[in-house]
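Engineer: In case you want the letters, here they are:
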Amino acid sequence: MKKFIIQKCNKWHIHINSKKNSKSKLICVLFLLPLVFAFTGCYFDMEYSPYMVKPDKKNLNAKNIAKIKKIEEIRSAKDSFKIGLISDTHHYFSETEDVISKFNKRQDLDFVVVIGDITNQGLLKEYEWTYDVLNELKVPFVVVIGNHDCLNYGIEIYKEMFGKLNFTFSFKGVEFICFENNSWESEAPDYKWLEKTAAKSKYRHLVHFSHIPNHNKAAGRFSTAEVNLFNNIMGNYFDIAIHGHGHFDSDYKLVTGVPRHTIGSVGYDHYMILKFENNEFVVERF
Amino acid sequence: MNLLLRGFKLLNNLKKNIKYLNIVIIIFICVSVSYADEIDLKNKNMTTNNTVKLNESNYWYLPDLVMVQTAGYLGYIVGGFGYTFFNEKLETIACYGYVPKNIGGKRIHTFAFKNSFYPFKFNLQKIVDIFPLYFGITALFSLDKETYWTISTDCPDYYYPPTGAHLALNVGTQLVFKKNHAFFIELSMLDTYAKAYFWDDHKHLEFNECVTLAMGYKMFF
Chain A
1 MKKFIIQKCN KWHIHINSKK NSKSKLICVL FLLPLVFAFT GCYFDMEYSP YMVKPDKKNL
61 NAKNIAKIKK IEEIRSAKDS FKIGLISDTH HYFSETEDVI SKFNKRQDLD FVVVIGDITN
121 QGLLKEYEWT YDVLNELKVP FVVVIGNHDC LNYGIEIYKE MFGKLNFTFS FKGVEFICFE
181 NNSWESEAPD YKWLEKTAAK SKYRHLVHFS HIPNHNKAAG RFSTAEVNLF NNIMGNYFDI
241 AIHGHGHFDS DYKLVTGVPR HTIGSVGYDH YMILKFENNE FVVERF
Chain B
1 MNLLLRGFKL LNNLKKNIKY LNIVIIIFIC VSVSYADEID LKNKNMTTNN TVKLNESNYW
61 YLPDLVMVQT AGYLGYIVGG FGYTFFNEKL ETIACYGYVP KNIGGKRIHT FAFKNSFYPF
121 KFNLQKIVDI FPLYFGITAL FSLDKETYWT ISTDCPDYYY PPTGAHLALN VGTQLVFKKN
181 HAFFIELSML DTYAKAYFWD DHKHLEFNEC VTLAMGYKMF F
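Going down the list, the protein sequences come from chains A and B. All residue numbers for the first sequence refer to the numbering used here, where the first residue is 1 and numbers rise by one. All residue numbers for the second sequence refer to the numbering used here, where the first residue is 1 and numbers rise by one.
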């Protein structure tokens with residue numbers, strides 16, 4: 001085997017010993033070398049590590065929530081609104097672009113919520129790829145963290161790029177509470193924060209967004225006590241809860257009557273429009 | 001006690017200036033080449049008064065080369081040693097890479113094994129060896145509290161692939177001067193990015209978004 005490889009490679013090793021042209025060839029090589037370096041350096045990036053946690057964009061959720069507030073001031077006369085909902089974009093960039101172009105054509109959406117899993121392994125490059133696609137939206141968007149987004153140093157990247165894991169914002173008399181409940185990949189979900197935030201809300205209507213459907217044990221992610229606690233909080237305070245993670249659409253109704261929806265992955269062309277009209281929430285599935 | 005305090009102050013100063021240390025290391029290695037005595041392990045005859053007659057088989061463990069590199073997923077500054085096989089057509093380098101906090105957002109330590117195959121070679125008047133195209137595969141490991149081989153929570157085993165280990169494919173070009181000093185430039189593609197580009201979505205992603213450049217220097221013994 002060793003002799004075979006050497007014989008094969010010796011055929012490909014060319015020795016140019018002609019004195020006539022070798023000097024000029026050497027000069028050409030030495031002259032071209034910096035050009036090669038310069039050209040490749042201009043076209044390709046130098047990535048020191050896939051585990052870097054220094055995103056260029058920061059505090060995107062806060063910036064977009066400020067834009068949502070401005071939209072609220074502009075459309076103060078109308079009580080109704082529509083928001084777009086997508087989830088589990090992962091590496092489905094083309095499919096996400098298609099859905100975004102549909103959202104942009106509609107012109108009746110006030111903002112969009114992305115309910116988690118915008119990456120596969122929580123790497124900085126993946127976050128940046130997805131952001132480049134989502135940035136094509138003509139309306140502001142907020143992103144909730146998903147379980148895949150927590151892998152590697154994804155939590156640190158998310159905190160720098162988007163902001164707090166648990167956050168809340170309001171629009172036209174409705175409070176949207178975005179909750180991080182990726183129990184295996186992150187710390188235990190902060191149900192105390194969820195209940196406290198919902199309890200002190202001054203708004204009549206509350207909407208819950210979290211990536212993992214929390215109404216059952218979710219294949220062992222949540223204990224019975226956690227499921228009961230979460231269901232009680234939903235029943236006591238919220239009008240509707242929307243999740244991602246499952247990649248396929250599904251609807252649930254708790255015994256307390258709070259509608260629960262799971263959006264399928266945008267990779268399978270799933271998205272939702274949440275309409276608020278006449279003090280009621282209506283869900284349109286696509 | 002005073003000596004101890006002075007020692008700690010010196011260490012603190014070094015820590016603050018660590019970002020310049022990598023440049024010093026590169027310059028040191030390049031300059032030291034000019035002054036190092038060459039020990040010809042392959043030639044059994046004595047060539048100068050300073051060379052020692054050595055039996056190559058007793059010193060098989062001594063590396064054939066040392067390498068310094070930047071980027072290529074391995075680190076801001078990467079150093080390593082390696083061995084060549086089959087008349088320098090195959091090369092394996094064990095290396096360690098470091099990314100400082102001000103560059104990467106956190107300190108990142110990476111260990112890697114670079115394996116390269118050099119099928120093509122041009123020689124110019126015994127001064128320069130040009131390897132216009134070489135191929136390689138790198139296995140890199142970065143095990144930290146957030147990366148893992150298998151996730152250490154209630155999550156089922158193999159729910160996720162190992163995040164502390166990756167493979168990268170490399171393609172590069174190398175120039176070797178006087179058989180000792182080599183400069184190389186290579187393109188690498190990480191396995192996660194390769195899957196995204198070739199399998200998940202190649203319509204949206206562009207090739208230059210999924211590869212990285214690496215540049216380095218090698219000194220052969």
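In short, the hints are calculated from the structure, not lab data. Incorrect hints may have been included.
[Claimed, not checked] Here are some, though not all, of the chain A residues that point toward chain B, as calculated from beta-carbon distances under 7 Å:
#1 Tyr-43
#2 Met-46
#3 Glu-47
#4 Tyr-48
#5 Ser-49
#6 Pro-50
#7 Tyr-51
#8 Met-52
#9 Val-53
#10 Leu-151
#11 Asn-152
#12 Tyr-153
#13 Ser-170
#14 Trp-184
#15 Ser-186
#16 Ser-201
Virtual Cβ for every residue (Gly too), placed ideally from N, Cα, C.
Engineer: Checked against the structure, which of the hints given earlier come out wrong?
Structural biologist: 13, 15, 16
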